[in-house]
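Participant: Residue-level listing of the chains:
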Amino acid sequence: MTFLVRRLIVLVSTLVTVSFVVFLIPYLTPGDPARKILRARVNDPNLDAESVARLRTQYGLDRPLLVQYADWLLHAVTGDLGISYTARSPIPPMIVGAIQVTVLLTAAALIFALAIALPLGSIAAMKRGRPTDTVITTVTQGFVAIPEYWMAPLLVLAFAVHLRVLPSAGWTGVASMVLPCLTLAMRPISYFTQVTRASMADVLDSPHIIGSRARGLSYRQTIWRHGIRNALIPVVTLFSVWLGGLLGGSVVVEVIFGIPGMGRLVYDAVLNSDIPVLQAAIMCIVTLTVAISTVTDVVYTVINPTVRSANVSS
Amino acid sequence: MSLLDGTRTSALDSAPAPVRVARSARGRRWIDIRTWPASLVIGALLFVVVVLTLILTPWIAPHDPAAQTLSARLTGSSGTHPLGTDQLGRDVLSRLMDGGRFSVSIAALTLAISAVVGTLLGLVCARRRGAFDEFIMRLTDVLLAFPEMIVAMFLVAILGASQSTLVLALVLGGWTPFARLARGVAIEIDSRDYIEAAKSLGCSKRFIMMRHVLPNALSPLMAHAALRFGHKLITVGALSFLGLGVQPPDADWGSMLADGLPYMSRSPGLVIYPGLAIFVTALSVTLMGQGINVRRNRRT
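If you read the protein sequences in the order shown, they are chains S and F.
All residue numbers for the first sequence refer to the numbering used here, where the first residue is 3 and numbers rise by one.
All residue numbers for the second sequence refer to the numbering used here, where the first residue is 202 and numbers rise by one.
Misleading hints may appear alongside valid ones.
Mimicking SDA-like on lysine to any residue, the simulated pairs with C-alpha atoms at most 20 Å apart in a straight line are [unchecked claim]:
#, chain 1, residue 1, chain 2, residue 2
1, S, Lys-38, F, Ala-262
2, S, Lys-129, S, Asp-207
3, S, Lys-38, S, Phe-25
4, F, Lys-406, F, Ile-396
5, S, Lys-38, S, Val-12
6, S, Lys-38, S, Tyr-87
7, F, Lys-400, F, Arg-330
8, S, Lys-38, F, Arg-330
9, S, Lys-129, S, Gln-196
10, S, Lys-129, S, Phe-25
11, S, Lys-129, F, Arg-330
12, S, Lys-129, F, Arg-499
13, S, Lys-129, S, Ala-200
14, S, Lys-38, F, Leu-419
15, S, Lys-38, S, Ser-21
16, F, Lys-406, F, Leu-419
17, S, Lys-129, S, Trp-226
18, S, Lys-38, F, Leu-360
Bear in mind the hints are in silico, worked out from the structure with no lab data behind them.
Extracted from the complex, chain S is given alone in its bound form:
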């Protein structure tokens, strides 16, 4: 229980810290903070000095900073973050749409990565030390060194420009998802393969595998009944870690392929200094990432007794 409590304290303190810094963005960036904050409220980029002075009192911008923060947080929690500078429209629908796109893209890329990495890692573990293992290990480890912004243009060049079988950009259907997913999956494939190989190798050496082989189960049956299931635990943890990581890490891929996801939203907000959108997007990404990692930790602790005792005692 202490573990759960501590995890929740981390969760809450992270969110409070981040939200305070995010709240401060208009004050930290160059220019008059009041003007920037009012612009997000009244949807008019060209306020004269007189109306700024009037609205400043009306929106309570002359109050102490902490009071303003509490007020802002209250609005933010109810989804009221003002109006986007560029789109001139309320922000929640923009965020919701972008999150759906990014979650779909990320999940598809990770499932694809698992589909490649699980068999590869298992084969490498079963053929440990043989040439098959060396080839799989070396090649997948090399994947880590491939930059997405290189992989993506190369794929576009091959499949869109020369072969003309897939669209080069856009978000129009399954065909347009193939190249972005392939690009995003490279690094996860590498890590998933290594982790699968390591945990599979551990499991294959463990007494219960040797025991079931001794009881007369065939190698294949042993792997299916006992090996895969136990080897999956670390992989599942890694999966959720990556899900969180990619939510913010797909910026490059979204920009290259013109995908209207969260990364693209943040990127455009930074380029256009669209402060309210930036605030909302960063809050959402951080909340999601922290929530995912907390849930993973807690679930993992509940499932795995060894970790549970270690976490409780420390």
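Take the given structure of chain S and dock chain F to it, following the hints.
Facilitator: Quick look at chain F alone, frame taken from chain S:
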């Protein structure tokens, strides 16, 4: 320190003799390249070639990287321009060599700061434990929750795009793994017998830290640093690619790649070569990291 000089040393020295032999033998074996795994040899060779090329660029670059020849734009490879020219008629090879100096030095700088700060904090945590340790570890929890790109874009939004913002952003998230690793390794080493022996001989905590814990923690930390370097290099390139890192007129591999995208179907080299440069450099250091790990596992 008094244990190591003066006459008392010789008397004490004979007791832990096997340990000393093992240490010096290990020190010698590191220099012996024949004992290195293949990945370490290949990675180190590649890396030395890349770094030497980048250091010697001002003398060996075939052209001035900024010199434009508008009449010879987007040409393919030729005798005078081995990798062709870009959209402004600049020599691609010279620009690659020049751009690499930015990419590699920024990645190395951020890694060095992250590694030193992280390792020191981790060691202090392992030694002091208690509230300080708890605070630093919770801080790493918080920082690890942020995707690196989001931190970087957030800082760019506040501070504006520049090289120093880039370094700051990468260090902010970069020291945490080192702190955790150093702390973990130090706590593990602390439980070994020779530390117990050193303590019972009356060595100070600081002496044990510098003489025993740090040297033994160095190998896993170096392996980790090597594995992180490729990642840093790619992230630096990604931010420059997005226009949030190295600013014109300077160009690194990431921004060169981005500049080449509009001309990709006509001169694919403008996109292929900068990416290849990042890939090869990142791969060489990653191989070195794996080699160090292989070697470490072989030993224990």
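Participant: If a hint holds in the structure, say so; if it does not, say that too.
Facilitator: Hints, verified against the model:
1. Lys-38(S) with Ala-262(F): Distance ~48 Å between Lys-38(S) and Ala-262(F) Cα, so the pair is violated.
2. Lys-129(S) with Asp-207(S): 13 Å, holds
3. Lys-38(S) with Phe-25(S): The given pair, whose Cα atoms are some 12 Å apart, holds under the 20 Å limit.
4. Lys-406(F) with Ile-396(F): 10 Å, holds
5. Lys-38(S) with Val-12(S): Roughly 32 Å between the alpha carbons, so the hint for Lys-38(S) and Val-12(S) is violated.
6. Lys-38(S) with Tyr-87(S): 9 Å, holds
7. Lys-400(F) with Arg-330(F): Given pair Lys-400(F), Arg-330(F) holds - Cα atoms ~18 Å apart, limit 20 Å.
8. Lys-38(S) with Arg-330(F): 45 Å, violated
9. Lys-129(S) with Gln-196(S): 14 Å, holds
10. Lys-129(S) with Phe-25(S): Violated, at roughly 54 Å.
11. Lys-129(S) with Arg-330(F): 43 Å, violated
12. Lys-129(S) with Arg-499(F): This hinted pair holds, its Cα atoms lying about 19 Å apart.
13. Lys-129(S) with Ala-200(S): 12 Å, holds
14. Lys-38(S) with Leu-419(F): Cα-Cα ~49 Å, so violated.
15. Lys-38(S) with Ser-21(S): 18 Å, holds
16. Lys-406(F) with Leu-419(F): Answer holds: Lys-406(F) to Leu-419(F) is near 18 Å, not above 20 Å.
17. Lys-129(S) with Trp-226(S): 16 Å, holds
18. Lys-38(S) with Leu-360(F): 16 Å, holds
Of the numbered hints stated above, those contradicted by the structure are hints 1, 5, 8, 10, 11, 14, listed in ascending order.
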